[in-house]
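> Let the sequences and hints guide you as you build the complete structure.
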Amino acid sequence: MRILIIEDEKKVASFIKKGLEEEYFAADIAYDGREGLKFATSEEYDVIIMDVMLPYMDGFTLVKEIRKQNILTPVLMLTVKDSIKDRVEGLDSGADDYLTKPFAFEELIARLRALLRRNESSKTSKLIAGDLVIDLLSHKITRNVRDIILTPKEYAILEYLMRNRDKVVSRTKLIEHVYDYHFDTETNIIDVYINKLRSKIDGPEEKPLINTIRGVGYMLKDDS
Amino acid sequence: MLGNLKHFISSTRFKSTLWYSSLFLVLEILLGIFIYFYLYGTMLDNLDYGLKTQAKAILRLVSEKHMDIEHFVPDSVYAAPEDLVWDVIYNEVAFNLRNSFIQINYKNRNIFSSDNLNDVNLAFPRRISAVNLFDFSDTTLSTKPIRCVKLVSGDYKIYVAFPIQNIDQTLNSLVHIFIILAPIFFFVSIIGGSVISAKALSRIDAIIKKTEEITAQNLDEKISGEKYSDEYGRLVKKMNEMISRIKTSIDYMNQFSISAAHELKTPLTILRGETEIALKSPKTPEDYIEVLKSNYEETIRLTKIIDNLFFISKIDHSLIDIKKEKVVIDSFLAGIGDNLKILGVEKKIKLVVDSHTHSIVEMDKELMTQALSNLVDNAIKYGDENNVVLIKAVNCDINKIKISVANKGEGIPQDAIPKIFDRFYRVESSRNRKTGGVGLGLSVVKAIVGWHGAEIFANSIPNSETEFSIILNKES
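Line by line, the protein sequences give chains U and A. The opening position of the first sequence corresponds to residue 1 in my numbering, with each subsequent residue numbered one higher. The opening position of the second sequence corresponds to residue 225 in my numbering, with each subsequent residue numbered one higher.
Since the hints were made in silico from the structure, they are not lab data. Given the structure is predicted, the values throughout are model-derived calculations rather than measurements. Don't be surprised by glycine CBs; every beta carbon is placed ideally from N, CA and C. Among the hints, a few may not be true.
Here are a few chain A residues that face chain U, going by a calculated C-beta distance under 10 Å [what the hints assert, rightly or not]:
hint, residue
1, Ala485
2, His486
3, Glu487
4, Thr490
5, Thr493
6, Gly497
7, Glu498
8, Ile501
9, Ala502
10, Asp511
Pairs of lysine-lysine residues, derived as DSSO-like cross-links and limited to a Cα-Cα distance of at most 30 Å, are as follows [to be verified]:
hint, chain 1, residue 1, chain 2, residue 2
11, U, Lys196, A, Lys504
12, U, Lys11, A, Lys517
13, A, Lys565, A, Lys528
14, A, Lys528, A, Lys239
15, U, Lys11, A, Lys507
Facing chain U, from chain A, some residues (calculated, C-beta under 7 Å) [to be verified]:
hint, residue
16, Lys489
17, Leu492
18, Arg496
19, Glu500
20, Leu503
Quick look at the structure:
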């Protein structure tokens with residue numbers, strides 16, 4: 001899952017990014033409204049976290065601008081302004097959630113998960129495909145009672161495939177959602193990770209879950 | 225219900241009506257008393273005049289007749305002296321004051337008593353002064369109060385009396401009229417007063433109703449009725465002016481507390497967030513050191529914000545003592561230059577002092593040092609690297625001196641210049657805090673400068689030079 005953080009306070013942006021990475025998210029940072037708009041419109045993100053008081057363009061205007069360009073990425077607003085008027089204005093401008101500073105990081109993560117769940121049919125904290133289960137809270141992966149240990153990147157790739165199960169996901173899309181902005185999309189690193197993933201999740205007697213769609217990308221099939 | 229009654233009794237409307245009606249009642253009673261005595265006096269005068277006239281007439285008749293009372297001899301016409309006298313005064317008595325009592329004494333002998341006296345003696349022993357021929361007396365005649373006059377002339381003493389019952393009756397009816405009318409008047413005046421004062425005070429009620437509605441949330445609403453030029457209109461106008469002054473202060477306070485909260489919340493967010501992430505999972509010692517370093521910086525920032533807020537609130541409440549002393553500007557600025565040199569080291573900015581004014585200024589050295597430090601700190605923060613920050617003093621005229629702090633750099637946008645002295649204001653591009661400011665420095669400077677009766681100006685040429693100048697009064 002790839003997150004855009006738009007926050008002018010460098011230290012805040014940096015600890016959010018750090019915390020998100022520990023939770024297997026990839027994150028980009030924009031330090032002002034203009035930069036944020038550029039990132040949000042040129043890259044694809046799963047969630048945007050933004051401060052309200054930003055240089056050059058405030059959060060409310062920024063959300064409106066993003067929505068005007070038909071980008072429906074969930075937006076979580078982060079601000080010190082906690083009056084009801086500000087919350088209402090934030091949500092009305094097109095934001096999906098509102099969190100006031102100082103906040104507990106756990107809450108930020110929980111709200112992010114809730115925003116990510118919105119686009120899915122199942123409203124649980126678990127992703128299930130056949131006998132493979134990912135617990136999004138504990139990051140535990142099990143298949144047929146067997147625990148699977150994954151590296152953060154492998155986990156991120158698997159999670160994205162699971163979220164888009166039964167859909168073809170291109171390599172570019174995977175890179176975009178798993179890596180941050182500074183990653184070179186021309187490498188074959190995804191193929192390497194897919195191979196590692198396959199060897200970890202598919203036991204000897206089990207049906208392979210990740211299928212290669214030649215020339216396009218990968219698809220995780222949920223046959224259950 | 226009882227509450228309403230209590231409310232009504234304590235209302236100005238009720239009180240003023242009661243006062244007004246009571247006053248009215250007192251006036252009515254006074255008028256009654258006055259009329260009573262005036263009427264009594266007049267009626268008594270009239271009666272006395274009638275008695276006097278009759279007494280005189282009787283005296284004239286009896287003395288003209290030259291009756292020989294002493295050697296009276298009864299004959300067929302007059303059986304007694306009474307008959308003789310009666311004959312003489314008959315006309316007078318019969319046609320003037322009827323019902324009057326008449327007694328005539330001759331040489332202290334009663335020679336005539338009118339029939340209605342029934343042998344009562346009217347004579348009263350009071351002596352008559354030489355000046356006043358008449359003497360009056362109030363007495364009673366078989367329980368009937370009467371007014372009696374005595375006229376003394378030669379051997380004759382004429383007594384004429386008349387019941388004063390009539391006067392008493394008239395006056396009693398007058399008293400009755402007043403006793404009946406007083407409560408009616410009082411009642412009518414209360415009703416009338418209530419109606420009139422209700423009308424006059426209805427606008428006060430409207431004002432009360434409106435003021436009850438006004439709270440901190442709707443201070444932009446006005447009390448209506450400002451258009452009238454009477455007392456109420458003026459009251460409403462003054463109240464509205466007061467409301468708008470309160471609104472200005474409340475708005476300012478709200479803005480200030482929001483800004484203060486914002487400034488305090490940012491370092492708190494960092495402290496909390498970084499610590500939480502650090503504790504989430506095991507890290508390398510280097511990571512922990514980095515977090516501790518950053519937290520240390522943030523606690524310093526918090527302290528700085530709180531210090532500045534305290535300073536500003538002290539200024540707002542005039543709690544700072546200014547200790548003015550004579551300061552030699554040239555050496556003062558050189559000292560500041562020496563002390564602040566270190567601030568420029570990181571950005572390789574050289575701090576240059578150019579002051580050869582030979583001037584002395586009376587000022588609080590400590591506060592002015594803080595003001596200039598803030599300006600130099602800003603100049604270095606927003607100045608270009610490898611450049612110069614210049615502290616310069618020049619004599620403007622005999623009693624003014626200009627101290628300026630200038631740097632080379634990005635500068636301040638023209639439209640932002642009027643706002644830079646506002647609390648918590650920060651030019652947009654400077655808000656990413658690589659400069660670490662809290663937006664209070666310049667408002668502190670402005671406050672200090674203002675306290676010295678001096679002025680401060682900012683001039684900025686974008687991407688070239690920015691200069692802050694303080695114009696101070698100097699010792700001439």
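> Any of the earlier hints contradicted here, and which numbers?
Hints 14 and 20 are the ones this structure does not satisfy, whereas the remaining hints hold.
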